[in-house]
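*Asks:* So the chains spell out like this:
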Amino acid sequence: MALSVAILLFAGFILLGSYIFKDKTDIRTVRTQASLTTHELFTQLQAKNDVEYSPYIEKAIEVKGVIKEITVRDGVYSIILDGDNRERHILCEMQRDQNNDIVTLAVGEEVVIKGILKGLLLDAILLNCILV
Amino acid sequence: MERILLFFLLISSVCFGQNGEQYFARQGQMTFFSYTSVENIKAQNDQVQSVVDTNTGEIIVSILIKAFKFEKSLMEEHFNESYMESDLFPKATFQGNIIDFDPSTLGIQTRIIKGDFTLRGVTKPVDFKVNINNLGDTFSLEGDIEVLVKDYNIKIPALLSPNIANAIQVKFNLEYKPYEK
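So the sequence lines, in the order shown, correspond to chains A and B.
Residues in the first sequence are numbered consecutively from 6, following this note's numbering.
Residues in the second sequence are numbered consecutively from 39, following this note's numbering.
Since the hints were made in silico from the structure, they are not lab data.
Some hints here could point you the wrong way.
What the hints assert, rightly or not - Sample of chain A residues with no beta-carbon within 12 Å of chain B, all distances over it, derived:
no., residue
1, Arg-36
2, Glu-67
3, Thr-76
4, Gln-103
5, Asp-106
6, Ile-107
7, Val-108
8, Ala-111
9, Lys-119
10, Ile-135
Stated by the list, open to error - DSS-like, lysine-lysine: derived pairs with alpha carbons at most 25 Å apart:
no., chain 1, residue 1, chain 2, residue 2
11, B, Lys-215, B, Lys-110
12, B, Lys-107, A, Lys-119
13, B, Lys-167, B, Lys-209
14, B, Lys-167, B, Lys-110
15, A, Lys-64, B, Lys-209
16, B, Lys-110, A, Lys-64
17, B, Lys-162, B, Lys-215
18, A, Lys-119, B, Lys-110
19, B, Lys-129, A, Lys-64
20, B, Lys-129, A, Lys-119
21, B, Lys-209, A, Lys-73
Unchecked claim - Reference listing, derived: stretches of chain A covered by chain B, where coverage requires no fewer than 3 residues with Cβ under 8 Å from a Cβ of chain B:
no., region
22, 40 to 49
23, 78 to 84
Note that the Cβ used here is the ideal one computed from N, Cα and C, for glycine as well.
Excised from the complex, chain A in its bound form (with noise of 0.2 Å):
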């Protein structure tokens, strides 16, 4: 009886421990919501009546588009796409374990990115990017 309420017990540490310390997402293993380009998100994205009540907010989305800029802070890239005007583009934040393919890429050059779309401000933000 002890024995099965220890066990009981430490299962239930280990669970609970697992909940909160669980790793953060990784993208790989999420479902991909749809497949867009920059100008199909941005449209998309107006034609709402709401866009903070976007189905693709929280969603796992991919973008097809070309890159105006990469930028790197403290070790994490970004990854900058061309919007559909000058004014609105769309950020994607890497993930750390895409380094190595990042500094292969060029500005100019045309790129799918899967992420976490989060809303939108000025520019589109997507986190937890990947290269497709």
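Got chain A; can you put chain B on it based on the hints?
*Replies:* Frame of chain A, contents of chain B only:
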């Protein structure tokens, strides 16, 4: 949608309406800290966007709440779902003026910013000190502000109240480049 339109209108008025010098921060950093004896919590957002008109000193800052990253996923879930209700209130915004900003002075100048900060649909007047490092064609703006949880109707369950500070320390660092028209 109204907030998006407002952001565009504000940017349009700042950027195109007054023949000012417009600067844009695309990847501003904002970090918040909650210090208690039970737990220290830190989160960082590297996608804060802001526009400054250096002629008028007008400044607009927009922050996606869901873009804050935490050390632990569970904290991030609680922050978005329970405390900030970020589905309902996805953005925080600030609109104000940098008082006596002199864009012709190179180097560091300390100034006061006054304006309205909106969080969870609650707008409060705020003022705070910033250090502006003017490099000529670019400049950075860094400082900190204290946000009181009770001011913005952030509801903390009694069980968790020892874990969350009543006053949240917020630090920011925004790097501005000329806005591309």
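*Asks:* Now, for every hint given, state plainly whether the structure supports it.
*Replies:* Hints, verified against the model:
no.	hint	in the structure
1	Arg-36	holds (18 Å)
2	Glu-67	holds (19 Å)
3	Thr-76	violated (6 Å)
4	Gln-103	holds (16 Å)
5	Asp-106	holds (20 Å)
6	Ile-107	holds (15 Å)
7	Val-108	holds (19 Å)
8	Ala-111	holds (19 Å)
9	Lys-119	holds (17 Å)
10	Ile-135	holds (16 Å)
11	B:Lys-215 with B:Lys-110	violated (33 Å)
12	B:Lys-107 with A:Lys-119	holds (18 Å)
13	B:Lys-167 with B:Lys-209	holds (11 Å)
14	B:Lys-167 with B:Lys-110	violated (31 Å)
15	A:Lys-64 with B:Lys-209	violated (29 Å)
16	B:Lys-110 with A:Lys-64	holds (19 Å)
17	B:Lys-162 with B:Lys-215	violated (28 Å)
18	A:Lys-119 with B:Lys-110	holds (22 Å)
19	B:Lys-129 with A:Lys-64	holds (18 Å)
20	B:Lys-129 with A:Lys-119	holds (23 Å)
21	B:Lys-209 with A:Lys-73	violated (29 Å)
22	40 to 49	violated (count 0)
23	78 to 84	holds (count 3)
Of the hints listed earlier, those the structure fails to meet are numbers 3, 11, 14, 15, 17, 21, 22, in rising order.
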